[in-house]
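Trainee: Sequence:
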Amino acid sequence: QVQLVESGGGLVQAGGSLRLSCVASGTIFSINVMGWYRQAPGKQRELVAQITRGGNTIYADSVKGRFTISRDNAKNTVYLQMNNLKPEDTAVYYCTVVTIISKQYWGQGTQVTVSS
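Just so it is clear: in the sequence shown, position 18 is 18 by the numbering used here, and no numbers are missing.
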């Protein structure tokens, strides 16, 4: 089992920045991919960014050039630096990990609200 605790969400004006953090605990040796999804009201949950243990990253087209994902394997933590935020980035952001046996775990989510 893996437990995930997110922090760093909040309210920010358009053009501002936020940094999300997610700390993993439990069977952490099995974690391969760490990432962030988001879900806006009335929309499906979508991938924002993910990073493998080796540092390979994938980003949604909508956040490329504005968001940066990173991880600290020693601290079992994944970060999402979000710059130049837009109102359309408003959503609940969920941390997720995928283990080496392809089991996926989710955090409880943190609200990000961007005002125009």
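Please note: incorrect hints may appear among the correct ones.
[Said to hold, decoys possible] Okay, the calculated beta carbon distance ranges per label pair:
#, residue 1, residue 2, range
1, Ser102, Gly16, 33 to 39 Å
2, Gly8, Arg45, 15 to 21 Å
3, Gly65, Phe29, 30 to 36 Å
4, Lys86, Ser30, 18 to 24 Å
5, Gly10, Thr68, 15 to 21 Å
6, Ala74, Gly42, 28 to 34 Å
7, Gln111, Lys64, 30 to 36 Å
8, Arg19, Glu88, 15 to 21 Å
9, Ser116, Arg53, 17 to 23 Å
10, Ser115, Ser30, 35 to 41 Å
Worth flagging that the hints you see were computed from the coordinates, not collected in a lab.
Computed from a prediction, not measured in an experiment: that's the story for all the values here.
Ideal Cβ placement from N, Cα and C applies to all residues, glycine included.
Trainee: Any hints this thing doesn't respect? Which numbers, in order?
Mentor: Numbers 4, 6, 7 and 9 - these are the hints that the structure violates, sorted from lowest upward.
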